[in-house]
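Given next are the chains, with one letter for each unit.
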Amino acid sequence: MPDFILDVQGLETTFKTPDGVVHAVNGVSFGLAEGETLGVVGESGCGKSVTMLSVLGLIASPPGKVVAGKAFFSGQDLLKMSNEEIRHVRGAQIAMIFQDPMTSLNPVLTIGKQLEEPLILHIGMTKNQARERAAELLSMVGIPNAKDRLNDYPHQYSGGMRQRVMIAMALSCSPQILIADEPTTALDVTIQAQIMDLVKRLRDELGMAIIWITHDLGVVAGLAQRVLVMYGGYIIEESKVNELYARPEHPYTIGLLGSLPRVDEKERTKLYSIEGQPPVLYQKPNACPFAPRCKWVLDHCWNENPPLLEVGPDHRAACWVDTRTGRHR
Amino acid sequence: MSNVKANNKDTLLQVNDLVMHFPIYRGVIQRQVGAVRAVDGVSFDIERGETLGLVGESGCGKSTTGRTILQLYRPTAGTVQFEDVDLVHLKGEELRKTRRKMQMIFQDPYASLNPRMTVADIVGEPLVVHEVAKGKEIQDRVQHLLEIVNLNPSFASRYPHEFSGGQRQRIGIARALALQPSFIICDEPISALDVSIQAQVVNLLEELQEQFNLTYLFIAHDLSMVKHISDRVAVMYLGVIVELASRDELYAKPLHPYTQALLSAVPIPDPVADAKRQRTILQGDVPSPANPPSGCRFRTRCPIAEAVCAESRPEFREIKPGHFVACFFAERFL
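As given, the protein sequences belong to chains A and B, one line each in that order.
The opening position of the first sequence corresponds to residue 1 in the working numbering, with each subsequent residue numbered one higher.
The opening position of the second sequence corresponds to residue 330 in the working numbering, with each subsequent residue numbered one higher.
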């Protein structure tokens, strides 16, 4: 598919643990179009972060292992690249920002040094050029007195400012894709709003594609154009953003949306709750991984794990049941 | 400070001008050089059977307020009346006895349960400490408590690490219920849990409230969950309450600029509604509570601040029945 700048096919990643091999990602396929913002939603352990780390060759091996799949980026398979080759892609063409801005920054180097490093390494700037560009980047992400603050250390920045630094660093080499792994989860709501506002502005200015990983369906609603919902290492629903929130098809997505209280809700109703808890998969399941928690479950769900089925225009869900009728699709 | 009291009602807890300063020591002789003004003059009432939500961003003093109410920290100033007993001046055995009626559920279900104790020991410990049950009776009470929080009683001999986050939080809730308290402080009880598990725990808390006529102080930073569970909501910023009103009133018509900004920053899980909203994006960060701004605490980030805001602290006043706000210009939004 030539219209995707990132095309992931059949990705599988496992981890060896003392209790057995955990199947963290089980055949995940998705594409990312140029300039598109893709939301990836799921709870902890659903494989959303591992998927992206696998694509970038950042899975520690052992215990982790990418056992199958392809990930095409500008015609090249990232999973076949040597460490040296993928280092040139990572940070330069595909950049990533992480949840915790404190642990992602080196505490003993100044902010300036850390910002200059990728510029010197990837683009080959001189020290002075890098210094100047670093100051530009800092002011681009809204840090006042950028030139002076280059000499500060990470602990002198607040949480929100550190996340701004991470964004500046990620954007320093003008990447085509920005992968953001829960970048606002550790932040307060008013700071989260600042960061999201910044990301939207930069996206419009720079035209990069974004993959935004989060557990918060609210955050994705205001940002993404398309959403993937993950559960137990599978993509279980994939749709345009408006369609997903208006007509969720998979029982898990329906449950997740129903379990969220809203600040704009009028009546107080009992929250819908999904009983039980997310699975840890020691084997690839033959049944639907959500079956034990599903209230629409049919006999067939225990016998065959559903693939992603077309349920509407640009809308796919991995479920045998039509939840409106309760019958097999 | 105005008297924040709702009349003709059965008041369970009355907090008046509560102040909690943590001293900062420096130098060789450890001289006190300042104080972190974590809670700086907070007043509110809680009625029997109601849930008061206390929201604010990290570091605003909401958890410290909860702990100071229970006398886990002894307050610098102010009073806390619980069922007509002044907790601040209670000591030793008297305080211990009163504490039976007040319990706490903690944020982190991984850190608030002793990993070396079995579930039975954890849930039964309050019964032993307060000497309200012995021997076989403790076992029976523990089994019953586990049933109440929807845990299989046969899990009693297991250890905390064998449970998931949601199950651990249920153990914490069972422990809090052991002494049949009338008042429970829930300090961010769900923020460490996964989304699909949060609803389970909140529903359980609501059922228990109805069953045992419990009164909650629900501390959280998640405004949508606070709206869901609370009858009235107080909003804190940098050690002070800036607004207090019934949940419907506060969320429909917030009068303090901070509350307005906070509400507009909460993402709504609905792309259509989200796109229609007007957002107020606050600039900058929360100042340090060791050196808070003069006058109104919020003035450094406030979109409508004027000179007067730096000069004096706005009174926490009742602008209409049951709606309190600490802002000089709140009338503009009426």
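Among the clues, some could well be false.
[Stated by the list, open to error] Calculated cross-link-like contacts (lysine-lysine; reagent style DSS-like; alpha-carbon spacing at most 27 Å):
#1 A:LYS266 with B:LYS649
#2 B:LYS463 with A:LYS266
#3 A:LYS270 with B:LYS582
#4 B:LYS463 with B:LYS430
#5 A:LYS266 with A:LYS284
Derived by calculation from the structure, the hints in this document are not laboratory data.
Against the structure, the hints:
1. For the hint pairing LYS266 (chain A) with LYS649 (chain B), the CA-to-CA distance comes to about 22 Å; that is within 27 Å, so the pair holds.
2. For the hint linking LYS463 (chain B) to LYS266 (chain A), the alpha-carbon distance of about 48 Å lies beyond 27 Å, and the restraint is violated.
3. Restraint check: the Cα-Cα separation between LYS270 (chain A) and LYS582 (chain B) comes to about 24 Å, which is no more than 27 Å; the hinted pair holds.
4. Proximity of LYS463 (chain B) to LYS430 (chain B) is assessed by CA-CA distance (about 20 Å); at most 27 Å being required, the pair is judged to hold.
5. The straight-line distance between the Cα atoms of LYS266 (chain A) and LYS284 (chain A) is roughly 43 Å, outside the 27 Å bound, and the hint therefore fails.
Checked against the numbered hints given earlier, this structure breaks hints 2 and 5; the rest are met.
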